[in-house]
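Those sequence lines, one after another, are chains A and B. Taken in order, the first sequence gives residues 1 to 402; the numbers are from the working numbering. Taken in order, the second sequence gives residues 403 to 1030; the numbers are from the working numbering.
If you are wondering where the hints come from, they were derived from the structure by calculation, not from laboratory data. Warning: the hint list may mix true and false statements.
[As the list claims (entries may be wrong)] Taking beta-carbon pairs under 10 Å as the criterion, some of the chain B residues facing chain A (in silico):
no., residue
1, Met403
2, Gly415
3, Ser456
4, Asp535
5, Val683
6, Arg745
7, Val858
8, Asp915
9, Ile945
10, Pro947
Even for Gly, the Cβ is constructed at its ideal location relative to N, Cα and C.
Spelled out, the chains give:
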Amino acid sequence: MKTRRAFLLGTVALAMTAVFSGPATAQNTIKIGELNSYKNFPAFLEPYKKGWELALEEINKAGGVLGKKVEVISRDDNGTPGDAVRVAEELLSRESVSFLMGTFASHVGLAVSDFAKQRKTLFIAAEPLTDQIVWNKGNHYTFRLRPSTYMQVAMLVPEAAKLNKKRWAIVYPNYEYGQSATAGFKKLLSAKQPGVEFIAEQAPALGKIEAGAVVQALIDAKPDAIFSSLFGGDLQKFVREGNQRGLFKDRPVFNLLAGEPEYLDPLKDETPAGWYVTGYPWEQINTPEHQKFLAAYRTKWNDYPRLGSVVGYATMMTAFEAIKKAGSTDTEKMIAAMKGLQMDSPLGKFSYRALDHQSTMGAYVGRLAQKDGKGMMVDWKYADGAGFLPSDAEVKALRPAE
Amino acid sequence: MSLSAIFVQLLNGLASASSLFLVAAGLSLIFGVTRIVNFAHGSLYMLGVYTAYSLVKTFGGGILGFWGAVLAAGLIVGVFGALVERLLLRRLYRAPELLQLLATFALVLIIRDFALWAWGPEDLLGPRAPGLDGAVGIAGRRVPEYDLLLIALGPVVLGLLWLLLTRTRWGTLVRAATEDREMAGALGVNQSWLFTSVFALGAFLAGLGGAIQIPREPAVLTMDLSILADVFVVVVVGGMGSIPGAFLAAVIIGVLKAMCIGIGNVSAFGIDFSFSKLTLVVEFIVMAVVLVIRPWGLLGRSQGIPRGAASVEPPLHLPSPALLKGFAAALLALALLPLVSDRYTLVLLTDILVFALFAVSLHFIMGPAGMHSFGHAAYFGLGAYAAALLFKHALPMELALLLAPFAAGLGALAFGWFCVRLSGVYLAMLTLAFAQIAWSVVYQWDAFTGGSNGLVGVWPAQWLAGKTAFYYLALALCAGGILILWRILYSPFGYALRAGRDSPLRADAIGIDVRRQQWLGFALAGLFAGLAGAVYAFSKGSISPDSLSIPRSVDGLVMVLMGGIQTLTGAVAGAAVFTWLQDTISRQTEFWRALLGGIILFLVLVFPQGIAGFLRERWEARAGGSKG
Chain A
1 MKTRRAFLLG TVALAMTAVF SGPATAQNTI KIGELNSYKN FPAFLEPYKK GWELALEEIN
61 KAGGVLGKKV EVISRDDNGT PGDAVRVAEE LLSRESVSFL MGTFASHVGL AVSDFAKQRK
121 TLFIAAEPLT DQIVWNKGNH YTFRLRPSTY MQVAMLVPEA AKLNKKRWAI VYPNYEYGQS
181 ATAGFKKLLS AKQPGVEFIA EQAPALGKIE AGAVVQALID AKPDAIFSSL FGGDLQKFVR
241 EGNQRGLFKD RPVFNLLAGE PEYLDPLKDE TPAGWYVTGY PWEQINTPEH QKFLAAYRTK
301 WNDYPRLGSV VGYATMMTAF EAIKKAGSTD TEKMIAAMKG LQMDSPLGKF SYRALDHQST
361 MGAYVGRLAQ KDGKGMMVDW KYADGAGFLP SDAEVKALRP AE
Chain B
403 MSLSAIFVQL LNGLASASSL FLVAAGLSLI FGVTRIVNFA HGSLYMLGVY TAYSLVKTFG
463 GGILGFWGAV LAAGLIVGVF GALVERLLLR RLYRAPELLQ LLATFALVLI IRDFALWAWG
523 PEDLLGPRAP GLDGAVGIAG RRVPEYDLLL IALGPVVLGL LWLLLTRTRW GTLVRAATED
583 REMAGALGVN QSWLFTSVFA LGAFLAGLGG AIQIPREPAV LTMDLSILAD VFVVVVVGGM
643 GSIPGAFLAA VIIGVLKAMC IGIGNVSAFG IDFSFSKLTL VVEFIVMAVV LVIRPWGLLG
703 RSQGIPRGAA SVEPPLHLPS PALLKGFAAA LLALALLPLV SDRYTLVLLT DILVFALFAV
763 SLHFIMGPAG MHSFGHAAYF GLGAYAAALL FKHALPMELA LLLAPFAAGL GALAFGWFCV
823 RLSGVYLAML TLAFAQIAWS VVYQWDAFTG GSNGLVGVWP AQWLAGKTAF YYLALALCAG
883 GILILWRILY SPFGYALRAG RDSPLRADAI GIDVRRQQWL GFALAGLFAG LAGAVYAFSK
943 GSISPDSLSI PRSVDGLVMV LMGGIQTLTG AVAGAAVFTW LQDTISRQTE FWRALLGGII
1003 LFLVLVFPQG IAGFLRERWE ARAGGSKG
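Sequences and hints are given; from them, build the entire structure.
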């Protein structure tokens, strides 16, 4: 009885809160909803948050947009699609945000993207790498900033084909990102280099690689070269075991993402020299736009930027430019503005394709080296994302009709 | 694989087994003596890794510095464990069963946020072990020297523990308490001191098991939960409380994983099979097989029923007319709510209703039927996936929603047949094994279930698309499901279930087929968890494998325990409070997990009988007082 009464009281209280804490209608701010798995992937997302906070500060210092200040309401989505959809609903209906941005993991990104479609709301996916979010499961309301798994693979393939190695071994974390990277690599390399063989595949569970056994199995397969999409703790374990057991001796290795400071810096004196990677050599990029970003970031945070910082910064700036170009926060107007939107970013100019809503932001492709016990990228160049996408016809065939 | 390759993979497996064994031995000791299911054991391991990393940096990388740091890290974690036992768990020994589990779950949340705060978000890769940083040639391959040391370390620790347990007075007392702790207490053994020292030793082993990993493994913030499941598997496969069993199990699992990796991809009869992918779930398959064949693990023995650990559960009374009126009023309030509330309140309440049904279905088997389940999310997830898949294969949404629970019920019928043959923690772990196997199938079967990304576009039919309409649907189905489950408990079947829990022998003697009743109870609970899952899928528009993962199962446990396992309404109260807390707190602070853990600890200490249990006690005390 008491329980029920308490529950009843609670329900009434909840209802009252709901009635009286309705959205504070502030006329002079534009509210943007941001959600991400801050607690699940802090290594990437803490710098990401610092990145968008810096951009937000710059935007508001310069007077905001459309004569209004910009406010970001940020939420933790707990790393699950179910919670993310609930949080997104809260942002839209209780906080009355104009649109959504953020997300990290692919499954969360896809769930929020589908939610955005259902709710007819713009969603700028910051980080999810899955190809599906703009292709097979793409929709009218979703745009994606980061170069996708496919694009990053395509950036490494030309170098891989040049080496003309016949027998390849592949290692990848056993979930969608690793699977797509592997499938993409096999397809693209086979097209460029007929007769190439993929002789061994290891698919350890994400975060749980038995590195010694995996390295041993790869050595026993005697490949000429290795393609890997490991990252984080898995990558570190793999590298240490590989170094100790001599897996990388005289064997070229290609590893997606391994040049990103988030994943490279912990390697320190284990950094395997000569690996072909995609990444972000922040300390060596001398373009004026990057120097400006670097200085501002260091002043504000007293820390150096990671790739996450750039992603956060560019996501926020995308939101800003889109509102500016649309001249309003109306969803359809903003979508129209996002199609073909030209962006300046710390990494240079890029645009959002009208065709599939993918940005053409690129990544740095280079090789790993060690200096003073720290890892770094050398011989790197910026690979513009626009050059590493499939033909328009292929993309059209993949994307569901609107 | 050549013979030499097999040999080297064997070494790899043994090297991995050593650390696993140390951590598992600690868990096994703690469980044996205190009967605490220590969810924070993985967190102690993580603290060991982080502490050792920091100490190595402070002491310098010399041989003395390195080993000093490793040992000191173990000791620090051991002292921490002793403090946890004295300050926290001590207060809960007389509380209802499994409540310590809730307290240790709160510790998991707090320790993880503490590690983030103290060591930062970046992964920390420790140095190689000084003097052992190279590799030696074995069978034409290079094996790291440190691995050889680890291979030796496992048996050495096993030997030391064996000496400690069989050749010292303290060890004799530990064994006595593991056999029958009430008897040991009656014979004058100082239990308080014994419990603290055992917990300290267990924590020390966990910390040490972590510390010795630093040359092999970086310190990352997710390692607490990722090792926890493995350690439980090792302990259960070996037999709870058996140290040699834990060693044997660690070796079997370590070697099996290495062999799967060594075999790699195999083609036979035109079918490709990746043994490397099998590492996702191989330990759970081993556990399921072992438990089906040997219900107490490889070297474990049947446990005596613990006497007097907690007060005997009072029988369920029929709800009083006043209580029934209360139910009706609450339902009416929920039905009228959409008139005054905003859209988001309805969304949050829909979540609460779904989890309330999920928690009540879990309580149905845990409480009245006395079968603890650590894998109840399997049926939630099966229901959700069945709904999504039926819908995707062109069935109308309404039909998909109604058929989906039966898929979950069938799953529960199949898994339950094996589970009800066990009892206690073994039963709980078998449910976990089945849940993990189901999870891994969903996670891997891209073509059918969408793999790790799951399925999107699972939206309700047009007439239910509005949040209010869907809220009413959820209210009708979830409240209806809860009432049906409660009603069943007062049916002859429900009485038979409770009889089977309270006294299996007597129930059997009067002609109740206890196992059959339990089996049906298990299936029913699965059916209604499936209904909750199906409603959940359509409320979110998408479904992914984490709907049947371990964290979802643990959430269910937390809800039931928070609300109070000995009350019927507890699961509802727990689901409401937990879901609402999570939603509210995560907006308040960056360290919301620690805050949530703190609140749970507070609730555990103040209301050991659960929220609903506390309210009932107060009510009864008042009613009794007014009579007198």
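Just pull the numbers of the violated hints for me, sorted ascending.
Checked against the structure, the hints that fail are numbers 3 and 8, while the rest are satisfied.
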